[in-house]
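Numbering of the sequence shown is given in this note's numbering, commencing with residue 1327 and proceeding in unit increments.
Derived from the structure by calculation, the hints contain no laboratory data. Source: prediction; values computed, not measured. Yeah, the Cβ is synthetic: ideal placement off N, Cα and C, and Gly gets one too. Hints may be right or wrong, so weigh each one.
[What the hints assert, rightly or not] BS3-like cross-link-like pairs, simulated, lysine-lysine; straight-line CA separation at most 25 angstroms:
1. K1894 with K1874
2. K1618 with K1716
3. K1757 with K1731
4. K1877 with K1861
5. K1910 with K1841
6. K1623 with K1602
7. K1468 with K1456
8. K1866 with K1919
9. K1910 with K1854
10. K1854 with K1805
11. K1721 with K1805
12. K1430 with K1397
13. K1919 with K1865
14. K1479 with K1450
15. K1894 with K1775
16. K1865 with K1763
17. K1874 with K1861
18. K1841 with K1862
19. K1604 with K1899
20. K1716 with K1866
21. K1899 with K1861
22. K1877 with K1866
23. K1602 with K1797
24. K1562 with K1604
25. K1862 with K1908
26. K1910 with K1635
27. K1854 with K1894
28. K1877 with K1865
29. K1716 with K1899
30. K1899 with K1874
31. K1533 with K1562
32. K1635 with K1716
33. K1567 with K1618
34. K1763 with K1479
[What the hints assert, rightly or not] Quick list of the computed label-pair ranges, beta carbon to beta carbon:
35. F1739 with E1772: 49 to 57 angstroms
36. I1457 with A1610: 28 to 36 angstroms
37. K1899 with T1678: 53 to 61 angstroms
38. T1927 with V1443: 31 to 39 angstroms
39. Q1460 with E1607: 31 to 39 angstroms
40. E1607 with S1629: 35 to 43 angstroms
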Amino acid sequence: MGTISVHTFHIPVMGLGFTVDTPVKVARFGISSVISIMQVNLLEQMRAHYCNELGIDYQEIPVDDIDYRAKRISAYLDLVQFMIARQLEHLQQEDFEQNSELDKYFRMLPANSSEQVLYHAMLKAEGANKIALQEQLRTLIKPGSIDVNIMSKVDNLNYDKNGDPLPAEYSDALSALRGYAHSKLNSSIVFSAGFNPRLFAYVEHFKDFYADENGHIQKKIILKVSDYRSALVQGKFFAKKGIWVSEFRIESGLNCGGHAFPTEGYLLGPILEEFKEKRNELHAELLGMCNKALEEKGLPMLSASVPVKVTVQGGIGTRNEDVFLREFYGMDATGWGSPFLLVPEATNVDNTTLHQLANAAPDDYFLSEASPLGVPFNNFRHSSGEVQRKARLAKGRPGSPCYKKLLEFNTEFTEKPICTASRQYQHLKLKALLDAKLQFSITEDEYNKQYHEVTSKDCLCDGLSTTPILKNGLPVDHKLDAVTICPGPNLAYFNRISTLEEMVNHIYGRMNLLKSMYRSHTFVNELKLYSNYLKKELKKNIHFPGAKQAKMFANFKNNLLEGVEYYKQLLPKMTHETEEFKAKMREELDAFKRTVSNYCTTWESQVQVELVNV
């Protein structure tokens, strides 16, 4: 199954379960999407569900199989591919009727695509010419790619039934990679959440990641990156092993869903500008390294025309923004994630949460400390998971029972790592904090601060994988049915639950799904998020920051202010926007410049007072 996209957007991975079967829902319409393959028990449940639905014999892959993680992933992905192949066969046999999926496939395509131009010609044609055009259109149908995602940081070692550690290749991330590598897919794997040398080095063990004699790569690498430097560093790591990175997927550090990886105030516009300026240089440097490694291995070398895509995602909300990102910066495609949480045809969101999202206000979305990974996590105040976390805390039972064990990294109190969201860890940590307070080792303020940090952690393994279970009426493990959902703040501007065709039409500017409230440009919205983030970090570090922190905050401020000036220079080039909109954007940029400067000046003054009073 090929991976050439007929659309200008893709649906990124969302949580563990929100897009677990999105390809089954949208790939037949040419839309590419991404499955998280980290929660293997969920994948096995979904495989059992679809086998039952399709009348296919299902054989469970038991957990006592040493390689059950990889095998469950391969089996699920192969089933998804089988289902989509069957869907395409049915699609191509349909008639071009108004309510047919065949007609819907071509209706949803971008207006300027050659396929839709031919489709409209077919609609006007008659007789034998019409039939000939219909047959020609059927040959042009291409499915969306069934891509997968691994969070590189989620790479626990695993243990056998005797409690002894298994070899490194049975770790969570390496097992996931092996499961994908052994599947029949011809698609891409997205590596997100940072650099994992052990995981990345493991890629060279699988032939599907190398080009064949014809330059075809069966399984491609996509790196989710925050800036040009991270793309270059990670791209070189793969190139030195003869592995070609086929796409760099740039994501806003804060204006996104799920885990957030903020830069030091380096904004999306300047980041894209750097990629625009250095894209050819990046391609040439990586190609030279890659071919040198391939030659040393005696493998087919890559041609000079081997493509590397650069795409962008995070906070995009209008056709004008989408077109500007693709045309001005030369992005090959854009990612639209959180808005699709309001599209039941595309993603898994239970009915209660779905209606909460549809009626939410901007303040209902917040950047939390919920993730056991220790990085900021976009959260939703009214989710049943957040309600459950607070209820447990109120009962004096903070923390979650830990069954999935994907985020066990902490060894502060135990020999084997445990999760900081677990009841076990939070009980031990809060006891240690209380003892420290009673012994006057920490102040009351410090105790309260750390108490909040500890109890803010929530179970993401269950919370982010519950919705497909609820939506499909499947058995809930351990009666843990609370939902954690992680939309980006951009979702607040979308006005209702939508059909797949409506959301696609919004992306292409054929209809408007935004609320009537004013929405700033995505660049300004990201700037606002960074401004608020900086203010919060300055407040947390008012007491005697070290020289390293002071330098970091100075860089942060300078990057934000330079970003403001960059955007002001960019305004005349935003030809799709009205003069009124651009004038308003200039006012917003000037206001943020004053705000950021005032934050930092006030903080610097307070720090000086603290130092004087020592």
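Hint check:
Among the hinted pairs, K1894 with K1874 is inconsistent with the structure: their alpha-carbon atoms are about 31 angstroms apart, more than 25 angstroms. As the CA atoms of K1618 and K1716 are separated by approximately 56 angstroms, the hinted pair breaks the 25 angstroms bound. Between the alpha carbons of K1757 and K1731 the distance comes to roughly 23 angstroms, so the proposed pair stays at or under 25 angstroms and holds. For the given pair, K1877 sits about 16 angstroms from K1861 by alpha-carbon distance, which is consistent with the 25 angstroms threshold.
For the hint pairing K1910 with K1841, the CA-to-CA distance comes to about 18 angstroms; that is within 25 angstroms, so the pair holds. Taken as a hint, the K1623 and K1602 pair is broken in the structure, with Cα atoms around 32 angstroms apart against an allowance of 25 angstroms. For the suggested pair K1468 and K1456, the alpha carbons sit about 21 angstroms apart, so the restraint of at most 25 angstroms is met. A C-alpha spacing of about 22 angstroms is found between K1866 and K1919, which places the hinted pair at or below 25 angstroms, so the restraint holds.
At roughly 15 angstroms between alpha-carbon atoms, K1910 and K1854 fall within 25 angstroms of each other, so this suggested pair holds. With a CA separation close to 40 angstroms, the supplied pair K1854 and K1805 exceeds the 25 angstroms bound. A hinted pair counts as satisfied when its Cα atoms are at most 25 angstroms apart, and K1721 with K1805 qualifies at roughly 18 angstroms. Proposed proximity of K1430 and K1397 is contradicted: the alpha carbons are some 35 angstroms apart, above 25 angstroms.
A distance of roughly 19 angstroms separates the Cα atoms of K1919 and K1865; the hinted pair therefore holds under the 25 angstroms criterion. With a CA separation close to 54 angstroms, the supplied pair K1479 and K1450 exceeds the 25 angstroms bound. A threshold of 25 angstroms between alpha carbons decides the hint, and for K1894 with K1775 the separation of about 39 angstroms lies outside it, so the pair is violated. Using a Cα cut-off of 25 angstroms, the hinted pair K1865 and K1763 holds, with the two alpha carbons roughly 23 angstroms apart.
Of the supplied pair hints, the one linking K1874 and K1861 holds, its CA atoms being roughly 18 angstroms apart against a limit of 25 angstroms. Taking the CA atoms of K1841 and K1862, the gap is about 29 angstroms. The hint is violated against a cut of 25 angstroms. Restraint check: the Cα-Cα separation between K1604 and K1899 comes to about 20 angstroms, which is no more than 25 angstroms; the hinted pair holds. Among the hinted pairs, K1716 with K1866 is consistent with the structure: their alpha-carbon atoms are about 23 angstroms apart, no more than 25 angstroms.
Straight-line distance between C-alpha atoms of K1899 and K1861 comes to about 31 angstroms, which puts the hinted pair past the 25 angstroms bound. Of the pairs offered as hints, the one joining K1877 and K1866 holds, with about 16 angstroms between alpha carbons and a cut-off of 25 angstroms not exceeded. Between K1602 and K1797 the CA atoms are separated by roughly 42 angstroms; this puts the pair beyond 25 angstroms, and the hint is violated. A hinted pair counts as satisfied when its Cα atoms are at most 25 angstroms apart, and K1562 with K1604 qualifies at roughly 15 angstroms.
Proximity of K1862 to K1908 is assessed by CA-CA distance (about 29 angstroms); at most 25 angstroms being required, the pair is judged violated. The suggested pairing of K1910 with K1635 is violated, with an alpha-carbon distance near 33 angstroms, which exceeds 25 angstroms. Taking the CA atoms of K1854 and K1894, the gap is about 15 angstroms. The hint holds against a cut of 25 angstroms. This hinted pair checks out: K1877 and K1865 have alpha carbons roughly 16 angstroms apart, not beyond 25 angstroms.
With a C-alpha separation of about 48 angstroms, the suggested pairing of K1716 with K1899 is violated against the 25 angstroms cut-off. Restraint check for K1899 and K1874: the C-alpha separation of about 38 angstroms exceeds 25 angstroms, so the hint is violated. Distance hint between K1533 and K1562 is fulfilled; the C-alpha atoms sit about 19 angstroms from each other, no more than 25 angstroms. At most 25 angstroms may separate the alpha-carbon atoms for a hinted pair to count; K1635 and K1716 exceed this at roughly 43 angstroms.
Note on K1567 and K1618: the hinted pairing holds, with a Cα-Cα distance of about 9 angstroms set against a maximum of 25 angstroms. A distance of roughly 33 angstroms separates the Cα atoms of K1763 and K1479; the hinted pair therefore is violated under the 25 angstroms criterion. Hint check: F1739 to E1772, Cβ distance near 19 angstroms, so the stated range 49 to 57 angstroms is violated. Remark: the range hint 28 to 36 angstroms for I1457 to A1610 is contradicted by a beta-carbon distance near 49 angstroms.
Judged by the Cβ atoms, the range 53 to 61 angstroms given for K1899 and T1678 is violated: they are separated by roughly 44 angstroms. For the pair T1927 and V1443, the supplied restraint of 31 to 39 angstroms is violated, since their beta-carbon distance comes to about 57 angstroms. Separated by about 46 angstroms at the C-beta atoms, Q1460 and E1607 break the suggested range of 31 to 39 angstroms. For E1607 and S1629, the hinted distance range of 35 to 43 angstroms is not satisfied, since their beta carbons lie about 18 angstroms from each other.
Consistency note: the structure conflicts with the earlier hints numbered 1, 2, 6, 10, 12, 14, 15, 18, 21, 23, 25, 26, 29, 30, 32, 34, 35, 36, 37, 38, 39 and 40.
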